[in-house]
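Visitor: Read off the chains here:
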Amino acid sequence: MNGFSVPAISSTIVIMTPLLLAAIGGAFSAISGLLNIALEGLMLNAAFFAIVLTNLTGSLFLGIIGAIAATLLLTALFGAVSFKLKANIFICGLATNFLAIALSIVLAHTLYGRTGSVQFPGMPRLMPLEIPVLGDIPVLGDIFSGHNAIVYVSWLLLIVAGIVINRTPFGMRLRAVGIDEKAARAIGINTKRIQFTALLVSGFTCALGGAVLSLTLGAFVPNVTSGRGWIALVIVYLGRMKPLGILIGSVVFGFVDYMSNHLQTTSDIPSGLLLSLPFFATVVALVIYSIGAQAMSKKGILRSVKRVS
Amino acid sequence: MRSEERQNELRNRLAVFMGIMTAVVAALLVAVVLILILSKDPARSLYYYFAGPFTSKFIFFNMIESSIPVIFSGLGVAVAFRSGVTNLGGEGQIFAGAMVAVLLGVWLPEMPGFIGMLLLLTGGLAVGALIGSLSGFLRMKWKVSDLLSTYLISMGLVQVINYLILGPFRDPARIRIQSLSIPGSYMLSRIASPSYLHAGLFIALAVALFVHVLMKHTHTGYHLRVTGSNRQFARYGGINIRPFYVLPLAISGGLIGLGGAVQVVGRYQACFTDLTAGLGWAGIGVALIARRNPLGVVPAALFYVYLQSGARVAMMNSDVTYEIAAIVTSVIFYLITAEVTFAFFRRRLVK
Chain A
4 MNGFSVPAIS STIVIMTPLL LAAIGGAFSA ISGLLNIALE GLMLNAAFFA
54 IVLTNLTGSL FLGIIGAIAA TLLLTALFGA VSFKLKANIF ICGLATNFLA
104 IALSIVLAHT LYGRTGSVQF PGMPRLMPLE IPVLGDIPVL GDIFSGHNAI
154 VYVSWLLLIV AGIVINRTPF GMRLRAVGID EKAARAIGIN TKRIQFTALL
204 VSGFTCALGG AVLSLTLGAF VPNVTSGRGW IALVIVYLGR MKPLGILIGS
254 VVFGFVDYMS NHLQTTSDIP SGLLLSLPFF ATVVALVIYS IGAQAMSKKG
304 ILRSVKRVS
Chain B
1476 MRSEERQNEL RNRLAVFMGI MTAVVAALLV AVVLILILSK DPARSLYYYF
1526 AGPFTSKFIF FNMIESSIPV IFSGLGVAVA FRSGVTNLGG EGQIFAGAMV
1576 AVLLGVWLPE MPGFIGMLLL LTGGLAVGAL IGSLSGFLRM KWKVSDLLST
1626 YLISMGLVQV INYLILGPFR DPARIRIQSL SIPGSYMLSR IASPSYLHAG
1676 LFIALAVALF VHVLMKHTHT GYHLRVTGSN RQFARYGGIN IRPFYVLPLA
1726 ISGGLIGLGG AVQVVGRYQA CFTDLTAGLG WAGIGVALIA RRNPLGVVPA
1776 ALFYVYLQSG ARVAMMNSDV TYEIAAIVTS VIFYLITAEV TFAFFRRRLV
1826 K
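As given, the protein sequences belong to chains A and B, one line each in that order.
Under our numbering, the first residue of the first sequence is numbered 4, with each subsequent residue one higher.
Under our numbering, the first residue of the second sequence is numbered 1476, with each subsequent residue one higher.
Hints in this document: simulated from the structure, not taken from any laboratory.
Virtual Cβ for every residue (Gly too), placed ideally from N, Cα, C.
Incorrect hints may have been included.
[What the hints assert, rightly or not] Straight-line alpha carbon distances no greater than 25 Å define the calculated SDA-like cross-link-like pairs of lysine to any residue that follow: (1) B/K1515 with A/H112; (2) B/K1616 with B/R1486; (3) A/K87 with B/F1819; (4) B/K1618 with A/M299; (5) A/K87 with B/M1615; (6) A/K89 with B/Y1711; (7) B/K1515 with A/G119; (8) B/K1618 with A/D183; (9) B/K1618 with A/L289; (10) A/K89 with B/R1767; (11) B/K1616 with A/K89; (12) B/K1691 with B/R1486.
[Claimed, not checked] Which chain B residues face chain A? A few, computed with CB under 10 Å, are given here: (13) F1535; (14) I1539; (15) N1637; (16) V1688.
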């Protein structure tokens, strides 16, 4: 079994992209103190609109822009209900997930008279890009060149996210709201607006994540996200909402995802069972992380006690 | 003085009720608007959506039948929410309860019908409780988020059970993909044939009553509610709060798993890959409509399945698709916790 090889790393990079994108947006919400469990639905919504609008306009670029717009609208609805009507954000997140599924099916039924998967022959697909100089370097070229544009955009967004969170006034306010909402409000920060913006950032990155899912496949399949939004949410917490942590988390779970695909063709383990691997692996990672966090905090407590005495 | 307090309490309840009704009416309005937009023959679609479930005894009793699993999952979620924990694992727990019932029915030597049925139901209850308490244990021991672990474990289990149905326990004699069947003698009796309505309805109602008594009139229930509303307060009040992560999730998972087993011995006799079909998620909506009140779960479940049943009848008799029900229920999800509506009525009614 050669799980660890150049093609494996290259595939992992592609597979992890939706996770990474959703986790970047999830981090913005999490830093502002919101548990955004709608990542899954937002991605699904974008996956659907990316296919429909790419087919309608004949252009991948317009399709992706349209998917972003549609997903931002859904995010705005989600945010408006939870902030303006003061509804529980967690229940609204669930509602958004359900609404995304329902919308995709009802619209597919209305537009094309069918439910199930949506695809169009001859529709443009996301194509791999060969990076000029990088592509010629032997091993590195094989790993880092030849992916689609959104993969590179996701890396760029990760860097931008790091800068925005750590180096801009908006990022400072974002963190202040997450650490203590009341205190932030007391010093004149419009906390609701900051949180609403953080949700919209989630919507934006999830839109790219959903678009990359369906556009590389060339079709919208119901449940195409298959829990990725939830796993991204776990990545946000395991990565402690930090860009590097999120990157590592996405690589790890991207690799788990790759292995569960890879083993389906190369091992005797039934493929049905392998589909459960990403979920159980995520639970195990959560448990390991929590044990570690608890041990750390115990040490921290000991240290502070010593300092006092 | 005393009567004034009581009157205010009643008014407060009325305000809550009006808040729920606002969400319900808004959802129904959305249904009307959707049908007006999507249907080429809106009058016909509207008629079948709203009156459809009452057009024949067969459809009506089938609607009642479909409320049975929703009552179980609604009760499970209500107990969890009341006790301050979250159970998003309903889908997996229903499915596991159903699958274990099938496995017991297939593996064990055939026994007298009533005993076999009880055993299968117990199996479903036990496995649901086990899955729930695993998340509770992880929360108690290592502070692993119950919200995430219940969901992730459930989704993993769904894949495993799908595999069991498609692979080792598939019934090769059937064209439709389903598991092997349990002996017919274990099945609950039908109470309104030709519809599918079965005696599981009485089990569901009895369990709802049991959960009500448990939560409202026992020590355990009191502790569950106190820890649910304020864990720190409960601790200062002398309650050992650590088990109160495991216990509520065990009860919650157990109730939902039992619902899965009832689906097998009441309706399907076997397990198939679409058995859950959102029943676990429906439980969350129902528990919220019922404001986490066990007895309220029953009418809330009936309302929930009315929305679905209407959409199904409308799909069969006109040109709208069943999924408009999903849009309508997501509107309920959006509005059912909206503080603004509840506050509005409280301001108007409570002095």
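Visitor: Look at each hint and say if it fits the structure.
Guide: Hint check:
no. : hint                 : verdict
1   : B/K1515 with A/H112  : holds (13 Å)
2   : B/K1616 with B/R1486 : violated (43 Å)
3   : A/K87 with B/F1819   : holds (13 Å)
4   : B/K1618 with A/M299  : holds (13 Å)
5   : A/K87 with B/M1615   : violated (35 Å)
6   : A/K89 with B/Y1711   : violated (31 Å)
7   : B/K1515 with A/G119  : holds (22 Å)
8   : B/K1618 with A/D183  : holds (22 Å)
9   : B/K1618 with A/L289  : holds (10 Å)
10  : A/K89 with B/R1767   : holds (19 Å)
11  : B/K1616 with A/K89   : violated (33 Å)
12  : B/K1691 with B/R1486 : holds (21 Å)
13  : F1535                : violated (25 Å)
14  : I1539                : violated (24 Å)
15  : N1637                : holds (6 Å)
16  : V1688                : violated (27 Å)
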